[in-house]
Structures are given as structure tokens and as C-alpha cells.
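**Student:** Sequence:
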Amino acid sequence: MKLNTALIGLALVSSGLLVSACQTSDQSVTRTGSTVYAVSTKAGQQVLLTNVYKINPDCSTTWHPTLKVVSGPQHGTVKITRSSVFPAFGAGHALHKCNSRRASAVAPVYTPAPGFVGTDTIDISSTIMGDNRSFDYYSFRITVTN
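Residue numbers (our numbering): 642 to 787.
Rather than coming from a laboratory, the hints here were simulated on the basis of the structure. Only a predicted model underlies this, so the values are computations on that prediction, with no experimental measurement involved. Careful, some of the hints might be misleading.
[To be verified] Here are the simulated DSS-like cross-link-like pairs (lysine-lysine), alpha carbons at most 30 Å apart as the crow flies:
1) K683 x K709
2) K695 x K709
3) K738 x K683
4) K720 x K683
Go ahead and model the full structure; you've got the sequences and the hints to work with.
**Tutor:** Take a look at the structure:
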């Protein structure tokens, strides 16, 4: 009986640790693997922020990530779109051979508010596993000029 109680206790503590380690879209949570991009556009002109995709070793698309705007923008809008892109893996990367084949992607597109000139920021979370339990984060600092 004591062994069962100990195992149940260990299972509860372990599951609590697993849940506490999960990333969420909560901005107060420390994020690992965040990427910061500097992007420029002209006033009134939309801009593609990035393409997010996951490729198998055979160059097929594994799954479509889910993107969520966590914060921002203050001076414009973001639309999440699906697209078909050519990957851009660097020379020497195991998936470099896939650059010549189209892949399904999800992309945030930013449009500045009419008349806005200045800097805007957007934080986006992206599932990095098909089970929606792990997230990657992207921060965009967008400069809008005349």
C-alpha cells in the first residue's frame, strides 16, 4: 500500500513539474528560443514578417504550426495566412536539398494603420510540435517610414 501511495505521489509531482515547464503565451513567462526580427516597411504598405514551416527528411511538410498574436501591434493589424514557399535551409544543413521543393507554411502579415510612421512591435507564439504543447516565440520590431 505504501508503494502505491509513493508512486501516486511521485506521479503527481512529476506531472506538476511537466505542466510548469510548458510554455504558454503568457508574457510574464520566461521564453526560451525566442527570435527577434527587425522589419521595415513603407507607410500604407503591408509586409510579410516570416514564414513558419516544418519539413520532414523526405522534404514533405509535417504539419501546419498554429500562430497566435500574443501582444501588439499598437499601430496596425496582423493577419495570419497560409502560403506555399520554397524553404531556405543553408548550405550544409541536412534539409538543404528541400530548398527546391515548395512547402506549406503559415505566415503573419503586418499592415500599418493609415498615416502611421514610427515603430510598432508584435509578439507571436507558434506551436513547434504537432501536439500544441510546446511553443516558439517571435518578436518583431517594425519600422514604418514614409
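**Student:** Please go over all the hints and tell whether each is borne out by the structure.
**Tutor:** Structure-based check of each hint:
Among the hinted pairs, K683 with K709 is consistent with the structure: their alpha-carbon atoms are about 24 Å apart, no more than 30 Å. At most 30 Å may separate the alpha-carbon atoms for a hinted pair to count; K695 and K709 meet this at roughly 17 Å. Between the alpha carbons of K738 and K683 the distance comes to roughly 35 Å, so the proposed pair goes past 30 Å and is violated. The suggested pairing of K720 with K683 holds, with an alpha-carbon distance near 18 Å, which does not exceed 30 Å.
Checked against the numbered hints given earlier, this structure breaks only hint 3.
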